[in-house]
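In the order they appear, the protein sequences are chains A and B. Each residue of the first sequence is one higher than the one before, starting from -13 at the first, in my numbering. Each residue of the second sequence is one higher than the one before, starting from -13 at the first, in my numbering.
Treat the hints as calculated values from the structure; they're not laboratory data. Remember, it's a predicted structure, so these values are computed and weren't measured experimentally. Where hints are given, some of them may not hold.
If chains are identical, the list can't say which one is meant, so a pair holds when it fits in one copy or spans any two.
To be verified - Using 27 angstroms as the maximum straight-line C-alpha spacing, the simulated DSS-like pairs for lysine-lysine come out as follows:
{"hint": "1", "residue 1": "82", "residue 2": "366"}
{"hint": "2", "residue 1": "125", "residue 2": "148"}
{"hint": "3", "residue 1": "344", "residue 2": "81"}
{"hint": "4", "residue 1": "81", "residue 2": "369"}
{"hint": "5", "residue 1": "18", "residue 2": "40"}
There are 2 protein chains.
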Amino acid sequence: MTIGDELLIGQVIDTNSAWMGKELNARGFDVKEIVSVSDQKTPIIETLERLLSKNNIVLITGGLGPTKDDITKKTLAAYYDCSLVENTDILNHLKKFYEARNRPMSDTAYEMSLVPEACEVFINQKGTAASMWFEKDGKVVVSMPGVPYEMKDMMSRVVLPKLSEVYETNFIYHRTILTAGVPESKLAELIDDIISDLPNGISFAYLPSFGKVRIRLSGRGEKGIQNQVDLFTEKVKERIRPAVFGEDKEELAAVVGEILAERGLKLGIAESCTGGFISHQITSIPGSSRYYNGSVVTYSYEMKSDLLDVAPETLTNTGAVSEETVKEMAQGAIATLRADYTLAISGIAGPGGGTAEKPVGTVWLAVAYKNGDQIDIKTKLLKLTQSREINIPLASNLALNFLRKCILG
Amino acid sequence: MTIGDELLIGQVIDTNSAWMGKELNARGFDVKEIVSVSDQKTPIIETLERLLSKNNIVLITGGLGPTKDDITKKTLAAYYDCSLVENTDILNHLKKFYEARNRPMSDTAYEMSLVPEACEVFINQKGTAASMWFEKDGKVVVSMPGVPYEMKDMMSRVVLPKLSEVYETNFIYHRTILTAGVPESKLAELIDDIISDLPNGISFAYLPSFGKVRIRLSGRGEKGIQNQVDLFTEKVKERIRPAVFGEDKEELAAVVGEILAERGLKLGIAESCTGGFISHQITSIPGSSRYYNGSVVTYSYEMKSDLLDVAPETLTNTGAVSEETVKEMAQGAIATLRADYTLAISGIAGPGGGTAEKPVGTVWLAVAYKNGDQIDIKTKLLKLTQSREINIPLASNLALNFLRKCILG
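With the hints as extra help, turn the sequences into a complete structure.
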């Protein structure tokens, strides 16, 4: 349960719950529900009662600050029918905290030392609001600060280890296969029979995003389920091998980078319709300078000719969005960017610029690479969507995947 | 209500609810609860019943994909006690969708055309999964796709306008002032006295994001509050004028673009540490080719010399991250990119590459522009954070804002 009006009016995105869900899940705790409610007594109490009626553990973040709208402590004291009392450990912590910052401790700050009598207190080593652990009728409620790094420290250092002491958990095991270039419906057709055969205890999900699809298999129960999950993961991977670029949290741009780095190859990028987004993806990876030289973003005919040596006749005869133009872009980029491999892209991102022959979403890709004394080039045509905000990341992911496949041969 | 195991195990952060909360709030709807539940019939039905018992409207996202783990449609059909039937509009949409992509429509894809008989259907113009609107006993349930851009299109185009037709809401009026380059704490000092004087019924928030801060004033109640909000908004703007780049949803890159377009100027960009992200921001704006020629991303010394004519001695003597180097980058880009204005940036994004003298987060900016026969150059030093993922968007926003202020003079 996350508490705060700022969540309900969308001023703040609740990232705490996802982080907690991941950590809890990894330790075998089953997260049944994530809920955000207002800074008010009634919804907090109602939600707490409801969640406790169906679950063993309720973790609460937020509403512990010193300002008026933070009422979590008062509400928990009312729920556990006890009063707020001064806690000496918190008080000492607050005194040190303000001393270290050369700031006087205000009355508002003093309030932070008051906690419900019924709880065990954990000092916040990253801030001022302490955490509170309540245990009653075999059920645990923990209230933590809403500031993400304070919550994360408290969870990692105290709450997760203590929960694992109090409760025995199910074994949970996940594998996530990362794919690109093949849509969810097509993947589903390819592996339908494998999925139908999944034994009890293994669940399955597709998570699509801009030309990439993550396929997740999750096993729970006895430790033996791990072998089953591994077995079925390998079966799925085998079936869709060409689409698979990695596992777990690997980034497509990092995977491409590793392949280049291993082979000692340098990459250059010539972008038109993606306007720098592919370069941004590549350079988001720390250490990308090992395999990445640079890019040109050529939005005009002149830039394509000046920087990539695209023949003006090619542009006049075939247009900027054509197989011939991207080929010349990729080839020119080998020299301009002193690269072994180049990726070139030109297309119509939209909303304007489409024609009957080349509608919005038409995109040409080319990959050029040095093969001895000559330069080899591969091309690919994409037909994407009507939307600029989709086409840019979609084309970029598909382009990086095309590059990956070209390098792997 | 967002549906999906991936939310509970923290594989995906629920950003939909915050976006929806913001939009609903802006139209006078009060969001009481945000909840994420599993892809299973029982929690979906229980949550739906509970939410409907206390609220007028329940908006659902997720669980509409073509694959087996998506059971929202079946569950809603069960809840409304009706069967799934083929919808001709969806079927035609799917046929067109697959035709446009030159892909056959599979049986799995066909399933997308089945919807509960009890609902009104809205076609998904950004994808395949249609939205469903249920109305019963004066209460509305809407099921939308979980893919954020599909949900956003559906909400903006259909659901929000229709909700405003069905329900009468409180009058709410917002103004949002967009600022860049001045941190929240400094803005707070500048306008503290104005904010202290805000009358009842007007609330106030700072929304910071990567070097930009949005300042929002919201009035609710009677229609007369609008004048009050306008009055205080103008007071705030007057006080912090140099930091203000726009209002409402204006993009900094679009504001810069409009200034260039109005003056008939062409922009070129030379990026190092931001690796293409500034170019991406500029080219995310439709029609940016009116004022944008192109970019170079120069990650190596060689590229800086080859493409931007930076003197090798400058690089050797002052390093890639220095005032002298960015000046030469900006100057060289005027010729290379045939531009009237150029923006150059070079810095240490991290995590590696920092030194005692130039720690991670050190970034130099330069803006060059043609002034008659000569080229004038302005520079600025930024000292940012330890984190690459923060430094890239932060440096990009501050660079665009520096460019904006240089052009405005």
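Hint check results:
1. 82 with 366: Classified as between: cross-chain Cα gap 22 angstroms, same-chain 52 angstroms, threshold 27 angstroms.
2. 125 with 148: Within one copy only: 13 angstroms inside a chain, 44 angstroms across chains, cut-off 27 angstroms.
3. 344 with 81: between (58 angstroms within a copy, 20 angstroms between copies)
4. 81 with 369: Result: close only across copies, 15 angstroms inter versus 54 angstroms intra.
5. 18 with 40: both (9 angstroms within a copy, 21 angstroms between copies)
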